[in-house]
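Participant: Chain residues, written in single-letter form:
2 protein chains.
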Amino acid sequence: MAGEELILLNFWPSMFGARVKIALAEKGLRYEEKEEDLPYKSRLLRKMNPIYKKVPVLIHNGKPVCESLIIVEYIDEVWSDRVPLLPSHPYERAQARFWADYIDKKIYRAANIISWHSKYEVEEGKKELMEALKQLEGVLGDKAYFGGEVFGFVDIALMGFYMCFHTYETCANFSIEVECPKLMEWGKRCFKRETVSKSLAGPNKICDLVMSSRKKFGLD
Amino acid sequence: MAGEELILLNFWPSMFGARVKIALAEKGLRYEEKEEDLPYKSRLLRKMNPIYKKVPVLIHNGKPVCESLIIVEYIDEVWSDRVPLLPSHPYERAQARFWADYIDKKIYRAANIISWHSKYEVEEGKKELMEALKQLEGVLGDKAYFGGEVFGFVDIALMGFYMCFHTYETCANFSIEVECPKLMEWGKRCFKRETVSKSLAGPNKICDLVMSSRKKFGLD
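If you read the sequences in order, they're chains Y and E.
For the first sequence, position 126 (counting from the first letter as 1) is numbered 126 according to full-length UniProt numbering, and the numbering increases by one without interruption.
For the second sequence, position 70 (counting from the first letter as 1) is numbered 70 according to full-length UniProt numbering, and the numbering increases by one without interruption.
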């Protein structure tokens with residue numbers, strides 16, 4: 001669609017912002033990315049997401065859409081003439097939504113404990129993370145992507161966290177690959193897509209940020 | 001569609017189960033309701049929702065769909081030939097999803113504190129609940145329903161909680177109507193729909209259950 005204005009309010013290490021970037025790239029859409037300087041929140045961010053004041057926000061022709069999974073569905077629906085992100089069958093769509101929601105509930109909680117709680121709680125976070133990842137490893141099975149042969153919604157939902165796997169492993173001193181080899185293969189497969197690799201922040205850069213912040217806040 | 005088999009695993013006071021019942025009723029669908037005897041979880045429930053083992057689960061021709069908002073979207077998509085539950089425009093759909101998700105995040109948390117925490121935490125729950133309800137009162141404004149003139153997704157998402165308003169008021173000794181008169185009018189308006197009134201449990205019955213459980217667990 002000509003004359004469309006797309007602005008993404010983002011913060012480069014955001015796993016939720018990464019999802020939106022992947023979805024926009026999959027649809028071949030051009031957009032302007034405005035980097036927030038968190039924890040300071042710009043006037044534009046506060047205006048466009050007054051409820052949560054969080055990134056990412058996609059501003060489409062002046063109108064904001066918030067919450068990453070909702071944004072990805074929005075992108076899929078507006079540009080439905082291009083490569084679909086959600087499956088077409090209602091049952092498969094419900095399954096995709098279920099697992100994306102599972103990632104938000106389980107992986108986010110565990111990742112947050114590992115990254116931002118004291119070292120005494122890291123073991124608990126590691127246990128929760130591995131339980132959830134093993135569950136996802138089972139769902140993936142021998143498929144190329146969560147939806148089968150086609151990259152889509154659940155892959156996008158998890159890729160945001162995949163870019164932080166190195167950080168979790170460093171914080172909690174363990175290897176995800178040992179228990180979830182298929183999931184790591186899946187991550188590498190997804191990363192070969194230019195739409196993904198160009199949308200994710202570097203794992204080492206994120207890890208450095210988290211580790212130096214942990215030090216600053218006296219968490220280790 | 002002839003020959004469809006629909007089974008709903010539910011527990012009568014569930015605000016999430018009520019959503020699914022309203023959606024099924026709006027679409028004019030017949031289904032078998034199987035009442036769970038929580039906290040005991042039936043073999044069928046554990047089989048059909050192995051991840052969370054929670055109601056509601058909609059079993060459609062033997063295949064389970066879990067998580068109430070996902071189920072409501074599923075029902076809307078499968079029976080798309082009947083009265084729509086979500087708006088047709090992608091932006092309005094994104095807004096509807098945003099507010100339904102807000103209800104799950106904010107109202108659920110506050111309602112849970114009021115209903116199941118000790119009396120010393122009830123004030124905190126009341127404050128959170130009223131903040132969220134006032135926000136929703138603002139979103140509703142002077143509209144008949146959250147989506148405008150037509151009953152839909154956000155109304156369904158909130159009606160599950162509306163049937164518990166009397167319980168919250170009793171637990172925390174306050175009146176929602178004083179600060180949210182429009183929301184209470186909206187609730188009464190929705191309740192006039194047979195699809196809603198026949199799907200909700202009686203407010204007094206829920207209140208009695210919660211109050212007697214609070215007494216049993218020594219919360220008051």
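Simulated from the structure, these hints should not be mistaken for lab results.
Certain hints may be false.
When chains are identical, the list treats them as one kind, so a pair holds in a single copy or across two.
Claimed, not checked - Calculated pairs, DSBU-like style, for lysine-lysine (alpha carbon to alpha carbon, straight line, at most 35 Å): (1) 63 x 216; (2) 119 x 63; (3) 27 x 215; (4) 27 x 119; (5) 143 x 215; (6) 215 x 63; (7) 216 x 143; (8) 27 x 216; (9) 53 x 143; (10) 127 x 216; (11) 134 x 47; (12) 134 x 63; (13) 47 x 182; (14) 143 x 63; (15) 143 x 41.
Please read all numbers here as calculations on a predicted model, not as lab measurements.
Participant: Now tell me if each hint is right for this structure.
Facilitator: Hints, one by one, checked against the model:
1. In this homomeric assembly, residue 63 and residue 216 never come within 35 Å of each other (Cα to Cα): the closest approach is 38 Å inside a single copy and 50 Å across copies.
2. For the homomeric pair residue 119 and residue 63, neither the shortest alpha-carbon distance inside one copy (42 Å) nor that between copies (43 Å) is at most 35 Å.
3. For a Cα distance limit of 35 Å, the shortest separation of residue 27 from residue 215 qualifies neither inside one copy, at 40 Å, nor across copies, at 56 Å.
4. For the homomeric pair residue 27 and residue 119, neither the shortest alpha-carbon distance inside one copy (41 Å) nor that between copies (52 Å) is at most 35 Å.
5. Proximity of residue 143 to residue 215 under the C-alpha cut-off of 35 Å is found in neither arrangement, the shortest distances being 40 Å within a copy and 51 Å between copies.
6. For the homomeric pair residue 215 and residue 63, neither the shortest alpha-carbon distance inside one copy (39 Å) nor that between copies (49 Å) is at most 35 Å.
7. In the homo-oligomer, the alpha carbons of residue 216 and residue 143 never lie at most 35 Å apart, since the shortest distance is 42 Å inside one protomer and 49 Å across protomers.
8. For a Cα distance limit of 35 Å, the shortest separation of residue 27 from residue 216 qualifies neither inside one copy, at 40 Å, nor across copies, at 56 Å.
9. With identical chains, the CA atoms of residue 53 and residue 143 are at most 35 Å apart between copies only, with a shortest distance of 26 Å across copies and 37 Å within one.
10. Within a single copy, residue 127 and residue 216 get their C-alpha atoms as close as 25 Å, and across copies as close as 34 Å, so both meet the 35 Å cut-off.
11. Taking the closest pair of Cα atoms, residue 134 and residue 47 come within 35 Å of each other only across two copies (19 Å); inside a single copy the shortest separation is 40 Å, beyond that limit.
12. For the identical chains of this complex, residue 134 and residue 63 are inter-copy neighbours only, at 23 Å across copies versus 39 Å inside a copy, given an alpha-carbon limit of 35 Å.
13. For the homomeric pair residue 47 and residue 182, the shortest alpha-carbon distance between copies (25 Å) is at most 35 Å, but the shortest distance inside one copy (42 Å) is not.
14. Proximity of residue 143 to residue 63 under the C-alpha cut-off of 35 Å is restricted to the inter-copy arrangement: shortest distance 21 Å between copies versus 37 Å within a copy.
15. Within a single copy, residue 143 and residue 41 get their C-alpha atoms only as close as 41 Å, which misses the 35 Å cut-off; across copies the closest is 32 Å, which meets it.
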